[in-house]
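Novice: Chain residues, written in single-letter form:
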Amino acid sequence: QSALTQPRSVSGSPGQSVTISCTGTSSDVGRYYSVSWYQQPPGKAPKLIISDVSKWPSGVPDRFSGSKSGNTAFLTISGLQAEDEAEYYCCSYAGTYIPYLFGTGTTVTVL
Amino acid sequence: EVQLEESGAEVKKPGESLKISCKGSGYRLNDYWLGWVRQMPGKGLEWVAIISPADSSLRVSPSFEARVTISADKSINTAYLQWNSVQASDTAIYYCARRRAIDASPFDLWGHGTLVTVSS
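Read top to bottom, the protein sequences are chains X and F.
Every letter in the first sequence is one number past the one before it in the working numbering, and letter 100, counting from 1, is 93.
For the working numbering, count along the second sequence from 1 and bump the result up by 8.
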């Protein structure tokens, strides 16, 4: 099974909003409401920021929001801040034997 | 404190065996599985395998099942990832991560990562 497709990079000025897409298939993103998003700052471990398409884990600011339409999931970062510069990965459940299918990753740059 | 403690960085020669570990603490063993995620230099995240330390139920990615073995020790809530013969292409950071004992749960806690370098 191939990795989910994300744009290589997105950028925005402080205070603006950016949206990252995550495109899969009817066997993964389109079939399950189990899409999560991870933030990975340079040189650090990933951190869960969105689970189950649109749920916030404890401690994650609501500037991060998730949604899904068909085979594509979206992560929106509102009120962009310098600390949001990082790599972002989506991840979808694709069944019992492929529980984690990651996206290709998107670099977010704050101009 | 809830945490995942991974073993230290490893430097191996091609053909050598390797076993890395991840110990979970601060939470109920039966409530969570432990998994491994690979990140090759400058590349993205790839799911490797996942195991329940409580009963050793496991899943291994088809992309890795020929190369690695995942195991666990229930008595110390620790998961292991093992290679019989490493190759240069195994050079990567291997992150340990925790997920609830419910299928489709996300990884909600990550370790700092174990750097594996394979070079002659």
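Hint data in this document are derived by calculation from the structure and do not stem from the laboratory.
For each residue, glycine too, the CB sits at the ideal point set by N, CA and C.
Treat each hint with caution, since some may be false.
Facing chain X, according to a computed beta carbon distance under 7 Å, are these residues of chain F, among others [said to hold, decoys possible]: (1) 50; (2) 52; (3) 55; (4) 72; (5) 103; (6) 120.
Computed far set for chain F versus chain X, every beta-carbon distance over 12 Å [unchecked claim]: (7) 21; (8) 34; (9) 38; (10) 47; (11) 54; (12) 58; (13) 64; (14) 90; (15) 93; (16) 119; (17) 127.
Novice: Are the hints correct? Go through all of them and say.
Specialist: Consistency of the hints with the structure:
no. : hint : in the structure
1   : 50   : violated, 10 Å
2   : 52   : holds, 4 Å
3   : 55   : holds, 4 Å
4   : 72   : violated, 12 Å
5   : 103  : holds, 6 Å
6   : 120  : holds, 6 Å
7   : 21   : holds, 26 Å
8   : 34   : holds, 15 Å
9   : 38   : holds, 18 Å
10  : 47   : violated, 9 Å
11  : 54   : violated, 6 Å
12  : 58   : violated, 7 Å
13  : 64   : holds, 16 Å
14  : 90   : holds, 20 Å
15  : 93   : holds, 25 Å
16  : 119  : violated, 7 Å
17  : 127  : holds, 21 Å
Of the numbered hints listed earlier, those contradicted by the structure are 1, 4, 10, 11, 12 and 16.
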